[in-house]
Amino acid sequence: MNKKTTNSRTTESIPKTLSGIQGLDEITHGGLPTGRPTLICGSAGCGKTLLAMEFLMRGATQYGEPGVFMAFEENEQDLILNMRSLGFDLKKLIAQKKILLDYIHIDRQEIEETGEYDLEGLFIRLDYAIKSIGAKRVVLDTIEALFAGLPNEMILRAELRRLFRWLKDRGMTAIITGESGDKTLTRHGLEEYVADCVMTLDHRVQNQMSTRRLRVVKYRGTVHGTNEYPFLIGEAGISVLPVTSLGLNHEASVQRISSGIPKLDEMLAGKGYYRGSSVLVSGSPGVGKSSIAAHFIDAACRRGERCQLFAYEESSDQIMRNMRSIGIDLAPWIEKGLLQIHAVRPTLCGIESHLVSMHHKIGAFKPSVVVVDPISSLSITQDEAELKPTLMRLIDFLKMQKITALFTSLVSGGMNLEDSQVGVSSLMDTWLLLRNAETNGERNRTFYVLKSRGTAHSNQIREFVITNKGVDLQEIYLGADKTLTGSARATQEANEALAEQRLQREHQRRLQQLDRKRTTIAAQIIALEAEMKSDEEEMKSFAMQEELRQKTLSNERRTMSRLRGQ
Amino acid sequence: MKKRASVKSNAAQVKTAEQPKDERYILRLYIAGSTPRSMQAILNIRRICEEHLKGRYELVVVDVYQQPTLAKGEQIIAAPTLVKKLPLPLRRFIGDMSNEQRILVGLDLRPAEGKDPA
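Line by line, the protein sequences give chains A and B.
Position 416 (the first sequence) corresponds to 404 in the numbering used here; numbering is contiguous.
To convert, take the position in the second sequence, counting from 1, and add 414; that gives the numbering used here.
Pulled out of the complex, with its shape left as it was, chain A reads as follows:
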C-alpha cells in the first residue's frame, strides 16, 4: 500500500517517455526521462547503437515522435543497411521525415588546431536537424568519438556540458552512448555530464555462451529495477527480460485441470493441477518424466486447449515416436494446430536467449499449457545460481499469462532426489517426484506427490507403471512392515489371491456340509413322521379292534343272558 503510493508519486514527478523497447519500459517504470539525456554505456558490440536506434524508430512509428540520429561512428548508408538486417526500414522513415540521420565525420589527420574554438558547428547542425523534422528524440552515437578527433579536451568537455544542457533546454529526450572505460562507466567520464539516467549494457561470455545484459545504474527521481536484466537482439529488435518479475501479483485461478492421468488426478484431491500453476516433475533418468508430460499435453489438447512443448533433449519426431509407444499419439494435435513442439539443443544459445525465444513463441501462439522438457538441461550452459532467476522470470511470465506450466527436471544418479532441483523447486506449486526403487533384482518406479500448494494431496507412494496404453499408477503393497513393488508386489498379490481362494473354497465346503446335514435331518424327520403315522394308525386299529371286541363281547353277553334268561 505504502509502496504503491510512493510509486505513483514518483511517476508523477518525473515525466517519462516510452521507449517502445520490449521490457525496457517495465524496468524503468515507464521509459526514459522526458526531456533529459540518458547515457547508455557498454563495450563494443553490446548493442548500444541498436538500442538507441530502436528508441528512435519506435518513437517515430509508435508514438509519433520524430527523432534525430547523430552518428559519429557509422555513416548513413551503413546504418540503413544494419537496421535493415533487423527488420527496420530506416530509409522509409527518413523519406517520411520521421527520422533524420546525420553522420559526423572527424578525421584527426585532417584537423589542425589553430587557437580557441567551440563546437558551435555541431550545435547548429543538431539544431537544424531537430527543427527540420520537429524532433522530440535525439541520439548521439557515440559522442566520445569527438575525443579522438579533437585534440583539446578542455574545450571539448566544456562544450559537451553545454551540449547536454542545451538538449535539456530544448526538451529533447536524448540517448547518448559511450564506450565503457576501465574505472569509469564511460571512457571519458561522460556520466559526469549526463547524470539523470544511466544504463549499462554488457556482453558477457561464460562457458562459451554469450549473454547480453542491461542494468539501470541510476535514474534520478524515480524508482527503477536495479538488477541486471538479460536482453536479446532478435528479429524484432531488442527485448529486455523480464517483463514481469517486478512483482508477485498474478491472479490465482481456482480452476482445476486434469493431469491426463486419472489416478494422478485422484492423488491430487481428485481434480488435478490448478490452472496457471507450475508443476515440476523430477526424477532420475528414464523414470518416465516425459511420459507424464505427454499425458498432460494430450489431455490439454483433448480439451481443445493450445499447447506448447519446448524440448531440449529429443527432436519432435523422436518425441512423437516415443510417445506413440506408450499409446499417446500427438500427431493429430499438431495437425489440428493445437500443439507446437520446439526442439532445440540447450547449447544453441544462452539461457536468456532461450527464454526470450520462449517469450516470443508463447506470445505468438498463446497456449494455455506449456511444457519444458527438461529444464535441467538448460543448466548445462549456465551456472545454477543464474538459472534460478531466469527460470523465475519464465515462471512469472507464464503465471501472468495464466498458463499452466509443467517442467521436467533430471536428477543425476548420486544426487539427493529431494535436493533442490536446479534451485527452482521453491518456485513450483506442485512437485511430483519419480524415483527408482531397486529391490529383488529389479528396478521399479515409484511416484509420489512431494508437494502441492493449495490442494489436498495423497501422501501415498504409488508404483508408476508405463504400459503401452500409457502411464498407470498402481497402489503399491503396503503392510506387514514392508512396501513391495514390481514382481514382489505381483507375487505378494498372487499369494494373497491364492489365500483368498483357499478361504473361499473352505467356506463353500462348509456350506455344503451343513446343507447335507440339514437334508439328512429333514429325511430323518420324514421317517419319524412316517413312523408316528404308522403308530397312530396302529393305535386306531387297536381301538377299533377293542371296540369290536367290546361290541362282540356285549353281544355275546346279551345273547348269553338271553339264553340263560329264557
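Keep in mind the hints are simulated off the structure, nothing from the lab.
Please note that the accuracy of each hint is not assured.
Pairs of lysine-lysine residues, derived as DSSO-like cross-links and limited to a Cα-Cα distance of at most 30 Å, are as follows [stated by the list, open to error]:
hint, chain 1, residue 1, chain 2, residue 2
1, A, K80, B, K486
2, B, K486, A, K156
3, A, K79, A, K119
4, B, K486, A, K85
5, A, K80, A, K156
6, B, K468, A, K79
With chain A's structure known, arrange chain B on it following the hints.
Chain B in isolation, oriented as in the chain A frame:
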C-alpha cells in the same frame, strides 16, 4: 603526403616551393555568427592569405547560422573552421586562426617545426 613534403631538405624545397606557387588555394572559413572569435578568425586568416598567398587564393567566409545545411555537407563541427579545399589534400583548421605557424605548415607553405634545418 604532408609529412613527406615537409621533411624535404632546403635544397629540394626550392623546387617544391616553386611549383605550388602557381597553385590556387581555395579556402572556406565557416564561422558561427559574428562573435569576437569569428571576427578574430576572419582577420587572422585574411592577413595570412595576404602575406603568403597574395593573388592566388580564394577565401569565402560562410556563416553556418545562415546556411546550416552547409555545416552538414562540409562536416563542420567546430567553429570557426577553415577548410582548405584545394590544393589537395583537404585539410581543416579549427580555432581563431591565431596560431599562424600551424596554419602555414598545414597549408604546405612552411615545413613543420623542428624539422626545418637540415
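Do the hints match the structure? See the list:
Straight-line distance between C-alpha atoms of A:K80 and B:K486 comes to about 21 Å, which keeps the hinted pair within the 30 Å bound. Restraint check: the Cα-Cα separation between B:K486 and A:K156 comes to about 22 Å, which is no more than 30 Å; the hinted pair holds. Straight-line distance between C-alpha atoms of A:K79 and A:K119 comes to about 20 Å, which keeps the hinted pair within the 30 Å bound. At roughly 17 Å between alpha-carbon atoms, B:K486 and A:K85 fall within 30 Å of each other, so this suggested pair holds.
Taking the CA atoms of A:K80 and A:K156, the gap is about 29 Å. The hint holds against a cut of 30 Å. Pair hint B:K468 plus A:K79 does not hold up; C-alpha atoms about 47 Å apart against a cutoff of 30 Å.
The structure does not agree with numbered hint 6 stated previously, though it agrees with all others.
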